[in-house]
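**Student:** Take a look at the letters that make up each chain.
Number of protein chains: 6
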Amino acid sequence: MQTKTPRNFFKALAVGAPKPYQELPTRLERMIHFFPPQIEKMRNKVPEMAKNVDVILGNLEDAIPADSKEAARAGLIEVAQSTDFGSTGLWVRINCLNSPWGLEDITELMNAIGDKLDVIMLPKVDGAWDVHYLDQLLAQLEARNNIKKPVLIHAILETAEGVKNVEDIAAASPRMHGMSLGPADLAASRGMKTTRVGGGHPFYGMLADPTADGADRAFFQQDPWHYTIAKMVDACMANGIKPFYGPFGDFSDNDACRAQFRNAFLLGCMGAWSLHPKQIEIAKEVFSPDPEEVVFAKRILEAMPDGTGAVMIDGKMQDDATWKQAKVIVDLAKLVDEKG
Amino acid sequence: MQTKTPRNFFKALAVGAPKPYQELPTRLERMIHFFPPQIEKMRNKVPEMAKNVDVILGNLEDAIPADSKEAARAGLIEVAQSTDFGSTGLWVRINCLNSPWGLEDITELMNAIGDKLDVIMLPKVDGAWDVHYLDQLLAQLEARNNIKKPVLIHAILETAEGVKNVEDIAAASPRMHGMSLGPADLAASRGMKTTRVGGGHPFYGMLADPTADGADRAFFQQDPWHYTIAKMVDACMANGIKPFYGPFGDFSDNDACRAQFRNAFLLGCMGAWSLHPKQIEIAKEVFSPDPEEVVFAKRILEAMPDGTGAVMIDGKMQDDATWKQAKVIVDLAKLVDEKG
Amino acid sequence: MQTKTPRNFFKALAVGAPKPYQELPTRLERMIHFFPPQIEKMRNKVPEMAKNVDVILGNLEDAIPADSKEAARAGLIEVAQSTDFGSTGLWVRINCLNSPWGLEDITELMNAIGDKLDVIMLPKVDGAWDVHYLDQLLAQLEARNNIKKPVLIHAILETAEGVKNVEDIAAASPRMHGMSLGPADLAASRGMKTTRVGGGHPFYGMLADPTADGADRAFFQQDPWHYTIAKMVDACMANGIKPFYGPFGDFSDNDACRAQFRNAFLLGCMGAWSLHPKQIEIAKEVFSPDPEEVVFAKRILEAMPDGTGAVMIDGKMQDDATWKQAKVIVDLAKLVDEKG
Amino acid sequence: MQTKTPRNFFKALAVGAPKPYQELPTRLERMIHFFPPQIEKMRNKVPEMAKNVDVILGNLEDAIPADSKEAARAGLIEVAQSTDFGSTGLWVRINCLNSPWGLEDITELMNAIGDKLDVIMLPKVDGAWDVHYLDQLLAQLEARNNIKKPVLIHAILETAEGVKNVEDIAAASPRMHGMSLGPADLAASRGMKTTRVGGGHPFYGMLADPTADGADRAFFQQDPWHYTIAKMVDACMANGIKPFYGPFGDFSDNDACRAQFRNAFLLGCMGAWSLHPKQIEIAKEVFSPDPEEVVFAKRILEAMPDGTGAVMIDGKMQDDATWKQAKVIVDLAKLVDEKG
Amino acid sequence: MQTKTPRNFFKALAVGAPKPYQELPTRLERMIHFFPPQIEKMRNKVPEMAKNVDVILGNLEDAIPADSKEAARAGLIEVAQSTDFGSTGLWVRINCLNSPWGLEDITELMNAIGDKLDVIMLPKVDGAWDVHYLDQLLAQLEARNNIKKPVLIHAILETAEGVKNVEDIAAASPRMHGMSLGPADLAASRGMKTTRVGGGHPFYGMLADPTADGADRAFFQQDPWHYTIAKMVDACMANGIKPFYGPFGDFSDNDACRAQFRNAFLLGCMGAWSLHPKQIEIAKEVFSPDPEEVVFAKRILEAMPDGTGAVMIDGKMQDDATWKQAKVIVDLAKLVDEKG
Amino acid sequence: MQTKTPRNFFKALAVGAPKPYQELPTRLERMIHFFPPQIEKMRNKVPEMAKNVDVILGNLEDAIPADSKEAARAGLIEVAQSTDFGSTGLWVRINCLNSPWGLEDITELMNAIGDKLDVIMLPKVDGAWDVHYLDQLLAQLEARNNIKKPVLIHAILETAEGVKNVEDIAAASPRMHGMSLGPADLAASRGMKTTRVGGGHPFYGMLADPTADGADRAFFQQDPWHYTIAKMVDACMANGIKPFYGPFGDFSDNDACRAQFRNAFLLGCMGAWSLHPKQIEIAKEVFSPDPEEVVFAKRILEAMPDGTGAVMIDGKMQDDATWKQAKVIVDLAKLVDEKG
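Protein sequence lines, in the order shown, are assigned to chains A, B, C, D, E and F.
Letter by letter, the first sequence follows residues 1143 to 1482 of my numbering.
Letter by letter, the second sequence follows residues 1143 to 1482 of my numbering.
Letter by letter, the third sequence follows residues 1143 to 1482 of my numbering.
Letter by letter, the fourth sequence follows residues 1143 to 1482 of my numbering.
Letter by letter, the fifth sequence follows residues 1143 to 1482 of my numbering.
Letter by letter, the sixth sequence follows residues 1143 to 1482 of my numbering.
Treat the hints loosely; a few may be bogus.
For identical chains, the list gives no copy identity; a pair is met inside one copy or between any two copies.
[Unchecked claim] In silico DMTMM-like cross-links for lysine to aspartate or glutamate, where the CA-CA straight-line distance does not exceed 25 angstroms: (1) Lys1161 / Asp1397; (2) Lys1440 / Asp1392; (3) Lys1258 / Asp1432; (4) Lys1466 / Asp1448; (5) Lys1466 / Asp1392; (6) Lys1187 / Glu1165; (7) Lys1466 / Glu1165; (8) Lys1211 / Asp1358; (9) Lys1183 / Asp1473; (10) Lys1193 / Glu1220; (11) Lys1476 / Asp1432; (12) Lys1426 / Asp1351; (13) Lys1161 / Glu1423; (14) Lys1153 / Asp1327; (15) Lys1211 / Asp1461; (16) Lys1290 / Glu1182; (17) Lys1426 / Asp1226; (18) Lys1153 / Asp1461.
Everything labelled a hint here was simulated from the structure, so no lab data went into it.
Computed from a prediction, not measured in an experiment: that's the story for all the values here.
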């Protein structure tokens, strides 16, 4: 199938909608913290939580019972309208497009809090077509509500078809913010025989050859997510958008959570979901920028005060392109300093 | 870009939406007759008009002034609710997706008359992405409104990008009904230097070589739409959907209208728009099924009463496949008999 | 390259051939058990073996000597004609398309036992073109022999080019049943330096960093098949067909066989080959449906006796789609009960 | 869909089959003359006809009654075995792949006269898949019959889907010889409302604007095949294969036949079908190489006796590439001289 | 093959090269006037010619003898360095990439006059790969020579493969300015049997049916370039670049030249080549903007002085998008006023 | 995007350039040994080094300081002109195409030592476009310098976009020799959080489930390069070109280097880079052909002295295809014997 021509790719899809970003804004997003907005107690905690996390996400989809779907949506609107989120991102995970709630989730949220929402997380994205739908609808709702800043789309990669099409999904719209791996649904979609939400599985591993002495054979556990994360990272980075690990389900096992986050980090992910407050700190620990990189980035900015030209630092040429990368790192470091 | 896998192509896009057609239903659609629904006098004529045309279309887009857009939409709802259209198709041409009216056109019409609408005509389709949007949104609205029969999509081919992508557009959804050539907008989009709506142009033609005797050189007018119609017909027919010619703008020139319709008919189009009552008769004359074909089709049906097996008629083998084609022709002929 | 349009994808390729399946039938296929049909002793065991396995496959390709190729083909025909396989699948692995036996394998088997064959396993599939050939030829032979049920195609993924093109292979025909990883030939095709048939290799692993105390460094063996299986699973599941692990060559190492099957199972495979009777039990142990899943699936069927509507079970909505998945699981469980 | 990699494209598809041509051999093919091989009288004329035409084709498909299909096949085998065709090409038009005769046509002809057949004309090619089938089957039959020279494939372009996919068809195999436009079936497939076999239609044309004096308006007939032929020519020439016009049905109208052939010739076609002896002469007249081109080509060959280097002729540089083109033209001219 | 991701598409290809245009600058380019720079007399006329034409092009390729290639290149450098071209575009047609002169043409011109060249016309473009080469090389030469404004690429469409790939060529780089039809080489590449450079051919036409009275049958000449121009226009306009007709070879037939230019203009071309001074005036006459369009465009600019918002003019809504189109027309009209 | 048609793929891109290889020549390339040509002491060692390595590469890119870039290029030319490399390959790694040195690297080296260079290693290849540029430029420079043997291209895979497009890169030109994984830059491009140059990372691993006894949990290190190498190997092998591992950065850890090389070898790589003399021996040890394979290959050659026919060896059929593979292995073994 043909894609949009590059010149048309960056055009607004509705008269009056804001122009899409040619480069995504710099944001600190080490963890996307989920809360269930139908529960008043949780809503009340949001202003305080927002100070402690990089992104707070109102969850409307899985884990919200069917008879609380509308209460969750209303709760999110209420808390969004009454809270100042500062530099913390406000996201929502809407219900599936084929569910009875998907369309109203989008329209009601955009009508009520479209000017406060940063990112809509879209579950079960199978291909570019799902992004096309949301992209066009958001532009219409931005125009209707006179919203000045484009609301971005974050896809959850949680179907076999989605992984097959991940490069198309990443390239489907300038509104794409990034992607998260959704290991539970993906396992189900693929027929992977695990009910764990992320992490490894004790049965996936390599058995060493038998030894002459008949000793117990070593068993080396394997990473079931290597292919998926590596492919997702390439698709995202090639398109200038951000790859994320998703949820880690076992709240009682912080070490395994840390190991999983670190694996994702090492393969190129920029953050993860936190489904429990304990995971916030793990994410901060794992995903914060490397202090040495920050120091070096500051040296680049100092050496090129106006961002142009070329200088040698420690024998490596720095130019406009590396200046921009350095700027991103220094800006993130500032945000980390504010947030801790 | 990857397309949907064939098995997923035919799945409903929302829980509760009707299953898409694997084969489009047989309908007589020689002309799509436009009326402006904001005008009361025109609305009053609809019940009578509906008896005389194959398809009646409420036009909300071009030719409807901006300050009448909402009146037109409301007028269409009113007339649709109060009229029994019989076997006549009820279509609407909505406003562009990027316009201030596109989204409301879709949602309000589907909420109010989604069970009576047969086809939504979508203007300025540039690529599969525009169809993806409407396809998903219609499924959600069908589910919300408990609609039992899928509302189809008819694309207008009226941009250079759309013609480039016509094969993708035809294949973008099982909900695609067909396409119409939109010569006026297409001319503008391509920079074609004509303000005529369809038909030829006196300046597009071949000049014969000069003759020895210095006589006036012959000038042979050319068809500016040959490429576009031929490409559209192939894209539609390969995908099992229906190609149409669109509007002919000069109501004072019935002969040129007839010539244009006939050209489209000869290249494979199955109908055209009528913007004026006079064009209804021209379309009937041009696009009615050939009586000889009908006779032959009836012979096939008679020879294979249960639609299976293989028979020889006039030395040519007829089988299940030709039986189905014959059935379509005979069904159309019955509809013509009823309508005249 | 363009693919068939979705509407044409599901059409029969020969007049008189059965219509392709829009959804594959539910079959229990935990192991595909190979036997060499040129050996009389093995043929005599087939009726008994068939009661104990889910699929029995007559092998005509690798491991059958060139001078026994025709005897193997004849032997398979003989045993197929004289045996009632009950619900057990009858498959054949034919010789390569470019070999001196490929064409006769197909034509003679279809002529003689086309009505008993469930699946043809096609070796060394490089791209969609190989499937296109067999797809068309089978339709012609089905029509010629008046076969009422489509014979399916199962591709072996065993060339670098095949892995590159695995998504196209999965989508090449509605006749595709699934795919198996062929680790021995794939290793050769890729230049992987292993002569083992499946499983890991003692030299593929990560060496831990040295420790301060100079102790022996740990070595962590790695799965050489992770990429290939994960990519194959996504390609299959996105197209509604079934991924399989293939052979495990070391019959003396049941533990390593079990580990390999379990890895494949955890990544989404639905069965494996058994080349030795011992492997039948390993496959049954690994690939049988999870009893808890069966219990839950039965609850869904009970709650929705007619398969429509939506119910809440343990707080999760079940609908037509999950009903169908539940039906598949319950049907499989019944087959397991019969077979053990 | 992925195509074969270029290195694999030119490999033989069966052990023992001849290697595909990297460049097609030079052959004079101004007309492909059809005869019905089931008729003894026509068979008897073949040896004589063969001296007068460039290609003689035994027609097994349309126009051969169902009850004569096998007689036609047998008749072709008989005449092929008993005739020396000299430099005249021997072609066959087989029945459709989905018909009851397609497979036997291929296998029986290849088994009996595979070493004499130059080209198989394949009707109703919809996409690359049809060529993939025949390509692989021919290689197997060439190997089985120890045939030393690849039998080529000539596709008839006669469905809307085929025209949509014409570039893939041209690139589907090194065995592709070329393509012919099949105007009758293509018209039916597209829904073009003409029963003429090739040529124009009196109703497809442009009507001039009315004149002030009310005189009869001029009507300029249009070429309904312009798009199709131009697209086919580009697809063929870009792939190094040969485009042909197909049949002209009205044997009573030599002038219209000549006009149609000339149109095809002017757009790039290299030959046409002759269905009647009168059309042989028309094809010779229209498609013979231009004497001036032949003279110039001879000058190039004389100036570069060994085919290498670069010379200036009339101020234009000639090199290895133009030498090859010149060689083709001179070789054709020699064949014309022999044949007249 | 994958294309660049949209974000990467607009990046400069060398450190120090100017950033590519996201939107092409507005330029008046009704005719591209060719001159042979090796001839001193012609060089002397350039300053005067430049006042009278929109674009002046130094031709290095066809029509320049091999032994004058270097003199032509040097002559172009000399005249470019010594002339002030004002708002008139300075273009060059370089030799083919595979010729002995192509590389030096590019490097020497960029080194010497890269800051004065507006557009390089690239002959015989077969696919995106040819543009990729020149795109990267120009960026390196711009960086080396500190050029501040990107030199654009104009492709000549003159091979069957190029027409097949025209959409890719149009989308191959943000440096693409547009394309011209090259009818002479294209005819040769396709095997079209005409030696005319553009225009029709007396033998390409439709013969009317015979009449009952046996009168001479009418013959209606056809446009051999319809398919090619229409396809090229769509490819260009969809990518935001400019389509042109190329040369008309018969300088003695101004009327046929005018007819050909007008045909191209009516199909969407924005200019043509002038190979003779007489053709300059014909191009001006045909391709100048329509005065009525200019008047209307001015009304839009006046009604939206700051280019934002939405106003109704004659009942049609004008917005930011139409304002931009109006600005282009008014800017062109100013340039026409200056140039005449 | 369309690729070249297969027939055009193998054509020379400049008149006078050598014809591209249809099959790559057999070369022993177990290690590509890097040296910095700006250092006189290193240049003096080259003649001796060349006897001990399979490939010697003059490095102009990373690790060469900006102010030594020209000295490095000149040094490489000097040493290339004065050294006889025998059967040892002479390669160069040029600077990036977007750097200030890339173009001069190519042109100066081709002008001076184009007849001695075997392969140009191109860094940071993002897609086929980068290969298209170098492919065309090399052909022009080969023609200019009358070079008789095509200089090949070896791409470094070291960007996320490059990995995404690796199949296109492998297929971009017949001039492609192969690819190397560049783990350091690739890690940076992907945002992988490692500064190690190749090898694993102590933090990427699976944590075993906790045990009941609270013992230390096992941690299994994982291969971060599995996906990338496996995908690269498939892309290369499917296109008939050669995959390589690249650099291993920690010269103090020979065991880890050996483990990394062995992993690459097991996944299908044919060699690696040596950045330090110690790594030469490791590469020889790991990548030398297996003696048993050599023995078997010799048996094939002996059994088929003229390379045709089919013989049975140990019950497996050997034919023309396996003969060719055997010939490659025996030729390599001879080279190993000479080199040690």
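**Student:** Please flag the earlier hints that this structure goes against, numbers listed from lowest up.
**Tutor:** 1, 2, 3, 5, 6, 8, 9, 13 and 16
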